[in-house]
Amino acid sequence: MRVRPFDEVAEGDEIDPQAFRHDKDHVRAYARASDIYFPRFTDDEGARREGLPGMITPGNMSMGLVASYLERWAGPGTLRRLGTTFRGLLLPDRTIRICGVVTQRDDASRSVEVDVWIENDDAERAVIGTATLALG
Amino acid sequence: MPLDIDPSILGREFDRAEHEPVTADALISFAIALGETYPCYIQAGPELIAHPTYCVRFKGRKFFPDTLPETLRFQMSFDAGKDIALGVPIRPGDVITIVSTLHEVYEKTGRTGSMVFVVVRFTMTNQRRETVAVVDNRFMYKGLQA
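Quick mapping for you: the protein sequence lines, in order, are chains A and B. Take 0 as the starting number for the first sequence in numbering that gives the first Met the number 0 and just add one per residue. Take 0 as the starting number for the second sequence in numbering that gives the first Met the number 0 and just add one per residue.
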């Protein structure tokens, strides 16, 4: 499994965005695998009873999607730190887009800092974050 | 309503929970639910390790210390975000212990008014006392003052 070489990365490099249809079954599968059974993560009616517009994506799942996106670029086992802020609701059955950019390189640790975010289909950043990745 | 936080409650352990051993099936189903394809996250065997965010599945027995003011403990909060610092990977058979501390309480003023943030830190270790992750859970309360 290839780890991206540190010497091939420069500050300002953009990570190829990943856009995909984020559907309700995807969210339900995550909720089951995480043992979280709040209605807001499994059905629209239950979510509306909680005052939400419909089913929402767990913040932890957003984090997981971001982590997978970053390691798809850097290689497995490279993530050292991930900080995320949940700014808005990430609703399923929509297309989402995960994006990232390298903001800093550290020669001593051969690691990079990255800004990362998830956009919904209105191009609003529902999740923003920063991460540290150790490269090869 | 102003909050009166006793600084001595910060950093003090208020909960400790030991979880059942991690299973390979749980690691694999979690990673697959995130669309993972790397074999180290989805194939059973000696190389299997947890997806980096698997650690957020673990919870303590109680989420807030009893010493936190009631205005916070019993008011609805929002999950504002998390910070994870990763240690050694989690593997099948690991027994994870979580120590919970109240890490920080602070106020911010945003477009919608003042907000109070409560940060609960989970320090997670395995049965060899190696740190697998430190997770800061940030909860936001609207309409309060620290």
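What the hints contain is simulated information worked out from the structure, not anything from laboratory work. The beta carbon of each residue, even a glycine, is placed where N, CA and C say it ideally should be. Among these hints, one or two may not hold up.
Said to hold, decoys possible - Computed footprint of chain B on chain A, listed as stretches where at least three residues anywhere in the stretch have a Cβ under 8 Å from a Cβ of chain B:
{"hint": "1", "region": "27–37"}
{"hint": "2", "region": "60–66"}
{"hint": "3", "region": "95–106"}
Do the hints match the structure? See the list:
1. 27–37: Holds: 6 residues of the region 27–37 of chain A have a Cβ under 8 Å from chain B.
2. 60–66: Three-residue rule met by the region 60–66 of chain A, so holds; n is 5.
3. 95–106: violated (count 0)
Of the numbered hints stated above, the single one contradicted by the structure is hint 3.
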